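K.L.:
Here is what each chain is made of, one letter per residue.
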Amino acid sequence: MSVLEIKDLHVSVETDQGTKQILRGVNLTINEGEIHAIMGPNGSGKSTLAYTIAGHPKYHVESGSILLDGAEVLKMTVDARARAGLFLAMQYPVEIPGVTVTNFLRTAKTAIEGEAPPIRTWIKDVRQAMTNLRMDKTFAERNVNEGFSGGEKKRNEILQLELLKPKFAVLDETDSGLDVDALKIVAEGVNRAKANTGLGLLLITHYTRILRYIHPDFVHVFVNGRIAEQGGPELADRLEDEGYDRFLVPSNVG
Amino acid sequence: MSAASALSKSASKTVPESTTPAAGPSTLPVGQHGIKEHSDGRFGYVPVQTRSDRFKSVNVADFEAVTGREAVWKHSPVAKFTDLTAGDLDGSRYPVESTPSTDITVEWVARTDARIGTAGLPEERAAANAWSAFDQALAITVSGEEAKEITVTRSALGNSARGAHTIIEAKPFSQATVILHNTGDARLSENVEIILGESANLTVVSLQEWDDSAVHLANHFASVGRDARLKHVVVSLGGSIVRVNPSVRLAGPGSDTLLLGLYFADAGQHLEQQVYVFHDAPKSRSRVNYKGALQGQDARTVWIGDVLIGNKAAGTDSYEQNRNLVLSEGTRADSIPNLEIETGDIVGAGHASATGRFDDEQLFYLQARGITEEEARRLVVRGFLTEVVQQIGSPELEARLQLAIEAELIGTDDK
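So the sequences go chain by chain: A and B.
Note that my numbering has the first sequence beginning at 165, numbered continuously upward.
Note that my numbering has the second sequence beginning at 13, numbered continuously upward.
Hint data in this document are derived by calculation from the structure and do not stem from the laboratory.
Quick caveat: nothing in here was measured; it's all calculated off a predicted structure.
Note that the Cβ used here is the ideal one computed from N, Cα and C, for glycine as well.
Hints may be right or wrong, so weigh each one.
Heads up, incomplete: computed chain A residues facing chain B, CB under 8 Å, no partners named [said to hold, decoys possible]: (1) 218; (2) 242; (3) 243; (4) 246; (5) 252; (6) 261; (7) 262; (8) 271; (9) 275; (10) 390; (11) 394; (12) 397.
Listed below are several chain A residues computed to face chain B (Cβ distance under 7 Å; list not exhaustive) [to be verified]: (13) 258; (14) 260; (15) 263; (16) 266; (17) 276.
Okay, chain B solo, but in the shape it has when bound (with noise of 0.2 Å):
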């Protein structure tokens, strides 16, 4: 491959590099399959920890200064974020506007609040410093059988360094579509904790249409209860470097989960996504579809999928897919699809990943029914990225993102 380049590992057994202080240097498990040194240039340091071993911790002394090597952040460009990382951060409430809806509330909640750290921690040193900083938690909770929406709107975080904390909770038997907008400039670290009680159905959409200097980095704990499903849905359009990692618990025995995400890089852009599925109960479904665009010189995007599937988690059903389409030289899209199996008894597992350049037959027949080159290629691209919008459920936003995405082919046909 030209410019463009794709990565792709996939294992039936994972060994990921751990960035653990607490973990010391293991020897090779004897006649384990397929384990084997990384080639990395870690003298043979293997670390052997499943994925729900991870280091994890609210307190942001208790991680070592980020260097850039260690497995969470080897893809992403930390030099240009030490702020938050390392810097101390402006914990204090921001303007939120959120269109009326009820049922669900929208406040601002103590540190005290009952509900915080039990949707999962922090696993690096970013979300580590925001858990840290925060002076009080944005509480978003949903209750009513019926179906709403509501909108969350941050437009005015402005460029100073800042830390924060959301919770969004659907009670036992609620039902709603929550959207959280992000506009305008930030340098943003934080972490959103979803808890979803017995069998609700939420559904959040992360929706990044950030100015061009943003920096956002976030992580997404989601517990989810008995019976319940969570629909989640990542939309990276704007930003310089955006970074939103949703981690699913399927905690209750029947939780079902549908990750989305969409993504579109234009030059200069670092988009990423570290997802992570722990199948921690029997009969529990999951199904990761990312799909990302890249365009420009250094549009980068970076898909990390991981799966575990626990020993308690018998007869879930998982998969897990990544497609990029790179549409000009000079990009880079990173694809590492991890999965973990800890049961035999399991309906199903997969994964697929797939980055690749426009198919040109597909040009040609478009072309051959005298649709122009960059008409056709607008609707390829459309076509591709359409499948992740149609599944998020919420039309007025669908509409929407339409129209975003066509925004970003014609501000690609400029340059």
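Extracted from the complex, chain A is given alone in its bound form (with noise of 0.2 Å):
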């Protein structure tokens, strides 16, 4: 059984007027298998969260720990996070030029399993997996991400999720952007992929429409860099009825 834990982060970043504190004490404790909601304002750091799970140059963390089955995640380097079995949905996937779709794949699964995957049932799965996310087979022979719509680009994440098979997956507003078809369809292979593999889900989101179709064991309220409130599916339905408000007080407002 793993187990994915975050003590007491604190996150600062640096910017044009000096360093800006973001996280001010994240608790957090995933178990594999369990679906996760952070649902938060607009600027409260969940974003910020997400990258610092992710190891993002850009957050530097002042103090706290990232736990994966005991092992300190914030001594890993990025890649080193990912062959551990973590895993970030990003909400802009960036292009990378030159590099096709089948190509960037083969190269992540390789790094990640540490060998080659076996030629003929990759490339089965590979199709399987597109054709399960509605994606054309073109799809394959594309740079990664470039020219795609937001919709592709958030199907291409899921892709790589299903392909990859992370122990954790972390998804940074994968909902953002997407009509409600997308929606769907995104949503569904976050599914096929638990069921699959049994992962543990971070799901962080502004509102409450993804939770339709992905369901959270528990949801967690994100206010100025920690968690506010936390409960079971019943606080996403509050949160959809009353919003942020009640969370936000005067002088944060801005």
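Make one complex out of these two single chains by using the hints.
P.N.:
Okay, structure coming up:
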């Protein structure tokens, strides 16, 4: 049973106005097979949490720790974290000119498994995963994210999630910018990945609508760099009705 | 920017600095938009000259000694090859190997060959020096409408200063890929004339894989006939100083050219290309795409892209771009696109230039998928340069170049 533990995490970022404190003591434990939704207003630090778990160099960890099955993730390089079983589905996936989706997927799979995947089963797996996500075959020969629509980029992230089979995945606003059809396809992909591998999920979102298709076990409300309230799925319903206003004290506005 | 620097200028109307002894000082034309004195200390002397008006001569004595301040030389380390600009050059034949190919002849021809001087004439001293020196020209003549490929290899030029002349002629309606493969050592100044008859379809690849000490100054002059298509590719990987300057005159209506360049400068290497496209006929089309990578202390690249759309060239379409990827500190990439338009009746004319370092977000994305930093860098560089490789159109050469780029990348990892 794998477990991802985030303990008293404090994170800052350098801005033109100096050091800015963003995460102020985050505590969160995710067990394999659990779905946690993190919801919060803009600027509350949700994405910072996602990128800090993945190891983006822009974010400076001041204190605290992130443990994956007891091993300190913060000491690992970005690629080592991925190889250890962490995955971040990005809100704005970047374009990689000249690198085809096929080449990229195989390179990533080889890196994560430590050896090249058996060619025949791999091609079959890729095709099946693409069909499931309603991705056209020509996708495979296009350069990674180059000229992709918003929906195609998100589907490409979920394609990687399904093929790379991480222990824990952080989905950073995967629902943003998707129409309802694309949202359903993406949500199906996430649910399929969970059914197949039993991974743990940290679903970061501003809106409740993705929670209609991916059902969380726990909901955490993120305000001002820490978890302000947590509960079960019913908390999401309450947020849907009430919004975030009751969490925002006047001094935080702006 | 820290140690890496990029230079980019562009103007709708260009004022090149002159090196022409024949052109006298002139005054500023009144009312010409945007024209102003240059800031490089020429005391208000502003020669007005269109790109096609540069002084030309086949006689080395017509050019003054090279100082390094001339527009064509100001980016080059001229002190390192005075033997080629000022010395006597050995113009004798040299060993050439070529792959067998039907309908392509490779032979030595006399200076009196009628084709010599028809595609273009020297505009600087090293080119004129080579022209004055060569005994015989190497002539590669293509006929036959079937597609075919030939590789002509020079690998034993030696380290004495040489001058050479090459003619590549594609007869009307002929089709071929001609690969000029350069290896070994060399101190060479040369002119290459490329002549395309009506509707010919010719690809010329100049592949520089010289030894580390080699110095190579080349001017390619191409003349493209009616409805003919020239693909010209410069690939510079090896050599100390490599300067390959292609000039293409789109001489016939409907003529078309694609000029591609690929270069990878390591520590101390100087790789330069001055590209010039002259639209001199209606409905002509040109595309220029040069991409380079730089890594290591004093890795230096220069790209100058001149496009002139002449007043006879109505309905033309042109675009030129240069992209440089800076992989380390201590490098310098100059990128200077110039566009000169003498007719308003055009379909399109554009240029672009960008010089940048690695995109950290690309690296992060790849690393977040488990790919190590070294492998991620390699993927990004390979991807960046692949765009040009894929357009060459010779599968065998493309595969070889992918391996050569791979070798460059592994080489840079060790440094």
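K.L.:
For every hint, state whether the structure bears it out.
P.N.:
Against the structure, the hints:
Annotation: residue 218 (chain A) was flagged as interfacial toward chain B, and the flag holds, the nearest CB pair being 5 Å apart, inside 8 Å. With 8 Å as the threshold, the beta carbon of residue 242 (chain A) comes within range of chain B, its nearest partner Cβ sitting at about 4 Å, so the hint holds. Proximity of residue 243 (chain A) to chain B holds as hinted, the smallest CB-CB distance being about 4 Å (cut-off 8 Å). Interface hint at residue 246 (chain A): satisfied, since its Cβ lies 4 Å from the closest Cβ of chain B, which is below the 8 Å cut-off.
Checking residue 252 (chain A) against chain B by beta carbon gives a least distance of about 5 Å; that is within 8 Å, so the hint holds. At about 5 Å, the closest approach between the beta carbon of residue 261 (chain A) and any beta carbon in chain B falls short of 8 Å, and the interface hint on this residue holds. A distance limit of 8 Å between C-beta atoms decides the matter here; for residue 262 (chain A) the minimum to chain B is near 3 Å, and the interface restraint holds. At about 6 Å, the closest approach between the beta carbon of residue 271 (chain A) and any beta carbon in chain B falls short of 8 Å, and the interface hint on this residue holds.
With its C-beta approaching chain B no nearer than about 4 Å, residue 275 (chain A) sits inside the 8 Å limit, and its interface hint holds. This hint is violated: residue 390 (chain A) has a C-beta 25 Å from the nearest C-beta of chain B, more than the 8 Å allowed. Residue-level restraint check for residue 394 (chain A) is violated (minimum Cβ-Cβ distance to chain B is 27 Å; threshold 8 Å). The beta carbon of residue 397 (chain A) is not positioned within 8 Å of any beta carbon in chain B (closest approach about 29 Å), and the interface hint is therefore violated.
For residue 258 (chain A), the shortest C-beta to C-beta distance to chain B is roughly 5 Å, which falls under 7 Å, so the interface hint holds. The criterion of a C-beta within 7 Å of any C-beta in chain B is met by residue 260 (chain A), whose closest approach is roughly 6 Å, and the hint holds. Here the hint on residue 263 (chain A) is kept, as its CB sits about 4 Å from the closest CB of chain B, short of 7 Å. Taking 7 Å as the C-beta contact cut-off toward chain B, the hint placing residue 266 (chain A) at the interface is violated, the least distance being around 13 Å.
Restraint check, residue 276 (chain A) versus chain B: the minimum CB separation of about 4 Å is within 7 Å; hint holds.
Consistency note: the structure conflicts with the earlier hints numbered 10, 11, 12, 16.
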